[in-house]
Amino acid sequence: MTNDTRDALEPEVATPATGFVSRVQRSDAWRSMFRHPQLDTPRGRALQSFSNFFLHLYPVKVPARVLRMRYSFRLGFIAAVLFAILTLTGVYLMFVYTPSPSAAYGDMQHLKTSVGFGQLIRNVHRWSAHLMVLTVALHMVRVFYAGAYKKPREFNWVIGVVLLLITLGFSFTGYLLPWDQLSYWAVTVGTNLVHYVPVVGGELQNLLIGGDQIGPSTLLRFYALHVAVLPSALAMLIAIHIWRVRKDGFAVKRSSVGAFEEAATVAPNAPVAASALPGAPPALYGDRTRLLGVVDRESVTAEERAVDDTVFTWPHLVARHVVVLLGVAAVVLALGVAFVAPLRGLANPNVTPEPSKAPWYFSALQELLSHFDPLVAGILVPSGIVLLLLLLPYIDRNPATEARNRKVAVIVFSVLLAAAVILTVIGTLFRGPGWTFVAPWTHLYLEL
Amino acid sequence: MEQNRRQFLLSGWKVGGAVLIGAAFYTAYEALRPLVGGAGGTKLKVGPPDNFAKNTSTYYPEGRLYVVNAKGDLLALSQKCPHLGCQVPFCESSGRFECPCHGSIFDLGGEYITGPSPRGMDRYPLEVKGDTVVVDTGTLEAGPDRGAKKYFEPPQGPSCIK
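So the protein lines, in turn, are chains A and B. With the working numbering, the residue at position 112 of the first sequence is 112, and numbering never jumps. With the working numbering, the residue at position 31 of the second sequence is 1031, and numbering never jumps.
Chain B on its own, in the form it takes in the complex (with noise of 0.2 Å):
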């Protein structure tokens, strides 16, 4: 391609505040990105396994999770709605974990029941060390899809949001 001096300088110009753009939008891009993560990842320990009876949710706010025992698998859900980020209230009365926002229902184990949910509650894997259970709030396991059944139970009593 044959270009006079003119033309040449003129690309360059051009060139030249494309870069500029572009470095603009990545400096922006790399002040805005935040660099820790804010869900703690650290262990938490939140007992002996025979502190969680069958059938039973217990809450930890420091970890925004609850650790529950369904048909005597102990699971960590996180508390966050996997549709919009609501916080998910465990409803004694029904047994399940009912969202206010959307009105999503999901089993003590966590599993879709109905709502607008994408997918059960997310989990955060658990093991027991010694005599005591640790949840690894560092690594958010996305939730079962929605057609899993391995913890569902019809109500226990009303619901709390219907």
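Isolated chain A (complex conformation) (with noise of 0.2 Å):
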């Protein structure tokens, strides 16, 4: 048979092989391991993406919306990103650390005078690390403006506020890795915390740090989380969050209606209602679409749809997430060139400098410590926005998504967000030793 090194699906369309190249190509074992055609038709586009494991991550074709900047600004895709780098740098940095008391701020300085590229790498580690948390932070953010959490994506918000969780304990956990004095007592302050909670309180503490004080075991704890349960946990999460956005469809806002079009790429079996997009673009393939390649032809029953408004996401969407991509490798580099990572003494359990500042995603949570009871501000408040975050989509049952027909969802989210970066701001910048009010301009407390 002449045809027994291609895809039985495919006609022969593609130019026959010329050159070496293309032989190899065409051999048995490239084909064993590629199966898809490198057809550069919109059929053998869809085939490529069926047939690749990393494309599969994505749909075979998005929304048009998706490709602008303004629809997501990639905050979910940047997170991601930030969370690989996070992965190659953190291996690299397992590979010259020892979660002992005994050795770990030796293998820091270790790290910074002898490691080739050391420095550097934990600085990427670092900065990645605040730019994550950020990210995340920002992503939720514009989530909720947009009010992408609304029916049918309700539970795909909850899984954003754990993977929230888990970025808060990647930090938490790793802060205290490196055995300085910053580290030592801001988890100091952190693990105390965890005494206020009622009636089992003390025990979780002791679970939590293997002790009545900071020590070797909770060294070894935190790294063991940090390393090895969280990283799965984030992965696991990360694929079930990517997985229910192709499934509860996009959150594609069409220009007319207040709610979402639900179909636009998923459903096949709920035939969208003619979409009345004001200059959409024209119809690529004539006014039907079929579910392409995975059932027998005769069995596919054809969609109505009026406007096609979709766009293959290889190259489209794959191209802008490359430079994505290069765009936060290329900023984290360049944080890691001009700014060191801190690294203060050797953790002394009976010094505590001046002044103790939690980083700077934990430092309202400390604003609020000094000023109620540890109860209030480190469970209470802490703990009911959490409740009330994960519960969100399922309070909030307005189906509305502009601003103005969801005044009262958009003001107390509002306000809460101002509040929380208001008193992030003042614990960052206006607080000085013994957590008294320094302005910034007069002396800048800042620990990163």
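Now the stretches of chain B that chain A is said to cover, found in silico as 3 or more residues with beta-carbon under 8 Å:
hint	segment
1	1083-1090
2	1101-1108
Negatives, chain B to chain A, calculated, CB over 12 Å:
hint	residue
3	Q1003
4	D1073
5	T1132
Derived CB-CB ranges, DEER-like:
hint	chain 1	residue 1	chain 2	residue 2	range
6	A	L388	B	F1152	41 to 49 Å
7	B	Q1003	A	A420	48 to 56 Å
8	B	A1023	A	S22	57 to 65 Å
9	B	N1055	A	I411	51 to 59 Å
10	B	K1150	A	A338	53 to 61 Å
11	A	S232	B	V1019	18 to 26 Å
12	B	E1092	A	L446	25 to 33 Å
Think of the hints as simulated: they come from the structure by calculation, not from any bench. Where a beta carbon is used, it is the ideal one built from N, C-alpha and C, also for glycine.
With the hints as a guide, dock the two chains, each given alone in a separate frame, to form the complex.
This is the structure:
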């Protein structure tokens, strides 16, 4: 048979093989690795997406609006890129780090003085971690204001909140690992908070730090959480999160209607009503589309659709994502070159440094703690906010997505957001030794 | 309640699954539970009572505690702030304990003056045995309530954190 090295579904469209590369690409070995045909036709592109593991993270086609920067500011993707960078740099750091109080601090100095690019990798790891917290938070804010958590995407919002908590857990556990004064006392304050949880607080704190003060078992526990438990949890949940973005449909708003267009790319058995997109791109393939390539052609029901506003993910969206990826990598590399990750003196359980500040994403909490009882500021307020966020899509059942039709939700969220930002700014920039008020232009007590 | 064989087996699987999950949690709890108290728990000998002059504080890093002589009373105060566990240093200029983390201030006897701390500094029992003072670091007693004013004195000088 002359056909046996090609995809049986594909007619002979591509030009015949000439030259070494083409011959390799048509060999049995190559075809066993890469099953999709190299066809630059709509069908060929679709088959490439279907049969490529990495591209299958994406749908074959996405609504054209998804390509706009303004649609999502690519925040979710940026967070995923930062997680990838953190994994790579983190694995590198694991090769030179020993999670024991007698060795950890020495390893940090070793990293600085005698490991090639060690300090740079550590800097990149640290700045990426800060940026990841920021990006994940901004992603959540963006999704809220777009109203994209509403039906049918409620549960994906819940997964997103859990992802935010895991990201903070990463920061908190990673903070201890350098075993310097900064990490030791920030984690002392953080773990003592757990003590104020009603009834089980003391026991929880013991389980977390493995004793009644921060010591070798705390470091080992935080290390295990940081490099094994949290990464696997995060990777699993990110996979579900992305998968659900596809399954729940993209939150693409139709300009004429308040509600989202539900089924632009999914659910072929639920035909979309003729959309009245003014200025939508002209139909590319006539007025019908087929479900591509997974079922027998005869059994496919043609779906009536007035306008096809979708574009192929490959190359349109993937190319944009590659650009964002390179941009993010460039930014964290530049930050890593420009700013050195701080390393204070060796952790000393008998001397608390002045001032002892939490990292910026916890400084709102620390600011609250200086005003209210720890049970209120450290336990009730944060867990209340987390609970509110988790339940948000089930409390806010209003289907509208424009701000003017959901005033209460927007106002409540904006007030909470503003409070968090103000407390963070005060705690980060305006507090000095003894948590006294210090203007940042006289002296900046900022530890990142 | 009537059950056929199929339903019985099905609930059997569920119960088995629940037991397995419970066992997993219990195993994790037992594995992570610290078995030894880290506070040492030893009796710390700190020398004859005459060593502690009136209205002074002496630091013992090996016990993570201060022995103070407040208005003639000898007290052993834990250095750990009852608020969130920072080490509370003694401020020589004001003659008070002042926590740098969140600004809690205690008088020489460890009683609460100001700040977010829920109570005064925690104490260890202390006794004079023969000619030496012995602190029992195995038992930590919760500090006095916020209202206590037994050892209160106005600050003797500028604060270290304000």
